[in-house]
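Can you make the complete structure from the sequences, with help from the hints?
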Amino acid sequence: MPMNVVVIQFSGSTCDRDLVNAMRNVMEWDVDFLWHEKAMKNLEKYDAIFLPGGFTYGDHLRAGIIAAFTPVMGKVKERAKEGVPVLGICNGFQILVESELLPGALIGNETLRFSCKWTNLRVETERSAATNIAKKGDVWKVPIAHGEGRYFLDKKGLKDLNENDQIVWRYTTETGELTKEANPNGSIENIAGICNLEGNVVGLMPHPERAAESTLSPWETEDGKFYFQSIEKFLRRS
Amino acid sequence: MAQETIQQDEINLTAEEKAAVFKVLQRDLTLPEAAMLEVMNSEHCSYKSSRPILPLLPTEGPRVICGPGEDAGVVDIGDGLALVFKLESHNHPSALDPYNGAATGVGGIIRDILCMGARPIGLLDSFRFGKLSDPHTKWLLKHVTKGVGGYGNCVGIANAGGEIEFDPSFQINCLINVGCFGIMRKDELALSTATTPGDRLILLGGSTGRDGIGGASFASKDITEESESDRGAVQIGDPYMKKLIIEATLEAIKSGVVEGLKDLGAAGVTCSISETADAGGTGTEIDLEKIRIREDDMEPWEILVSESQERMFFVVKPENVSKIGAIFAKYELPYEDLGVVTDSGKCVVNHKGKPIVDLPAHLLTKPPAANRTAEYPDYLDKLDRKWLPKEPETKELNDICRKIMASDNIISREWVYRQYDTEVGLYSTIKSGQGDGGVFRLTEFGSKKGIAATFDGNSHHCYLDPYNGGAGVLMEACSNVAAVGAEPIAFTDCLNFGNPEHPKVFWTFEKVVEGIADAAKALDIPCVGGNVSFYNHDQVNNVAVKPSPVIFAAGLIDDVSKAMNNKFKAPKQHIILIGETRTEIGGSEYTRVIHQTENGQVPKVDFTTAKNTLADMVSIINSELVTASHDLSKGGLFVTLTEMAMASNLGYNIDIHRMPADTERVDIRLFSETHGRFLVTVINENLGKVVAQFAQHQIPATLIGTVTEDKKLLISNGNDTNIIELPLEEIKQKWKFRMEEEMEGKIQK
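Residue numbers (the working numbering), protein chains in the order written: chain S, 1 to 238; chain R, 1001 to 1749.
Read the hints as simulated data drawn from the structure, not as lab findings.
Bear in mind the structure is a predicted one, so any value in this text is a computation, not a measurement.
Check before you lean on any hint, since a few could be wrong.
As the list claims (entries may be wrong) - A few chain R residues facing chain S, derived, Cβ under 8 Å:
hint: 1; residue: Y1240
hint: 2; residue: K1330
hint: 3; residue: Q1434
hint: 4; residue: R1441
Note that CB positions come from ideal geometry on N, CA and C, so glycine has one too.
So, in structure tokens, the structure goes:
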């Protein structure tokens, strides 16, 4: 079954080409790369929709909020309801949260500084579209690069998120321990990425597209591939 | 012309500059004309002081496509590709408004790369401040870093590296230099010319406001107590709009409709309309009302010299104006058709149907050079070149090492580079902190090759000995590139000095340029561009900054997968020292930190072995004979060894008695900063091959010790065992976190 995948380019996306390059060159996927206004017209034909990282609309007002109000996001919401995988990375995650496709908020890092570094992500659930080939407890090396990536949610919401198995990744040590030091931005419960109830909408702050080739990794790892391979499996299955 | 004119004595030009204008013009100037001439005659735009000296630098080579004179240097890197790179200062704006000054520095240098037609892919930065512990330094460092990061991250260009130096001479006049490099297909080179009369002149991007009015003129003055009132001369950047401009410009070039391209930096519209006309042997004529202005009451002269950011200037065939307009519209970018290319050789600006400017283009672009005088500065006579400290006792050595590893100029810069996106673009294979230079792969452009990029500067050496200091900075920059396995192919420089009207300052400028030029000839590497920043002179305390050339060296590696980092790989591997160590501790970390003096002999580049040393380094790395590589610079052998250990969490055991040196003194062997030296690690079977490679050129490659599993730093001197014995973890904690402690007041991991 051929996969129809689209990466939506917003005004101010900066990791859009990286995501497309990783999909084409590393995963050998056929992928359409469309400006948001163009994507608007054809969204029905895609089996998976990606929102890349960057600084859409210059992060003015709040990261992701202006992009959340672009017409294409209305269509994305419809497709998400139909069960199509919708995947947001970094600013894409911020857009998903601002569009209320995912709960919670991404606020300024605890240090109040932008932070770019390699982190260790522990897989918390195997049921999401982006982790279904992983084993719960696996630790992936994936870099972050953000100023507003501190995940926050109220107590009730957090309880639901845990009970409904919606936490997809947490920041941990290399060996999978949950420590304060391993948390790069002060996210509540070290949360790095989450999914919706159904598991088809997934957002995370770290960048799997930057971690899919050993030449780019200080440890010569390729853990970002697990993210894409999971999506591939999810699509082949559905 | 029906315009108010300005009296000759009110024009802010020197007598020679006025004479040059009125010899050609023989009439009074209008106010906008005077403003345009003033800004184009400023030091920043005209290079009037440096122009007579800069031709000393070699600028030719088989790879050079564009040398000095264009917005950035362009070199051929094979595979149909060209590398475009440049660095520039934003010193004065950053001293007054560190966030915006630094941010727009980044914005400006990106435009320089873009306007050659290249996609900008990497950024570098170089900062010079007063002592790190000083509160003013912390304020500057915090906001400069935020500015560089805030702009670079948002525009989506990865940081490839940089350097920082702390010295009291930069207390008021910090030096902020930023560099950018980009890649393009050779056939997509865009030049800043308007060659064909009838072509249209299009201004793309942001509106024109009062920000940055006279910015170039203000950068050509010393900083005084009144400089605060110049804050309006600092531009404000908008990286979001820049990102759109980059994509729109590259799309326009790809579509083949761009005849000429120029960025709007210093002197704004004035510079664009005059430089494109003069370069193309044509003229330009624009209507002032077409320029979108931000404030209603702007005077014509203000509009013409405004340095508002995020604007680009295109020359386009009349039939292609709608095509390029459609591309700009996709990105929701505003643009205006300002006017037309003429054959008059003049720049004409019309306002309300009448010309208010009518000047020959060359009057604006080729103002006369200034004849500066140079005079030997007597401070040099007060220095004792032969000075040596009392040799420390063995029991003092551990503490000396601790102090050096925790000193301002040696500690990790992680607090800074963590705030920059080093990954975006999927280019960086050797990242900040992992090697002597950043290495970027070119997979996206269909090439296996890699680009190595590095910045280097050493104001301490240049202050004590401008000639040898200047030569040393180029050698050091090229050594950084060679240490990762890349052949140094070209460089650009940014020359930061005090007031050139002071003959003693100008002397140091001349000597630094001579030193760089001689080293460039010895290394056979061309200079493809540069920038000069004078007037870094603090009038409050009446001190000039130390002479601070910063060099951006670019290297090319044929197979990027072979690029080498500085991390020890495994215990028991051999540690080899390349080169010979001389008694050269003048301006060194050791001399300044431990002995608090500026005396001593500055390292001299050995012009006879320099080129071979670098070529041999490149050769052994590309033949995959070594497992780690690092060049020796600030702090000498001890710091280099320790950096390699810290990167790997492995220790070392070294015998410094084995190293070839002109002295038996332990402190000099450990801390001398002699150029042309490297450390490499090898497995046993490659030891002989590495030694043989260097032996062909009579360069010593000496086995001095081994990598150890034990996390200890052990140094012996022949029979004196363990004269240094330090736990790696203790040294690393202090080195890694001191800047964060200083900046944040506590450790945050």
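Each hint, compared with the structure:
1. Y1240: holds (3 Å)
2. K1330: holds (7 Å)
3. Q1434: For R:Q1434, the interface hint holds, since the closest Cβ of chain S sits about 7 Å away, which is under 8 Å.
4. R1441: holds (7 Å)
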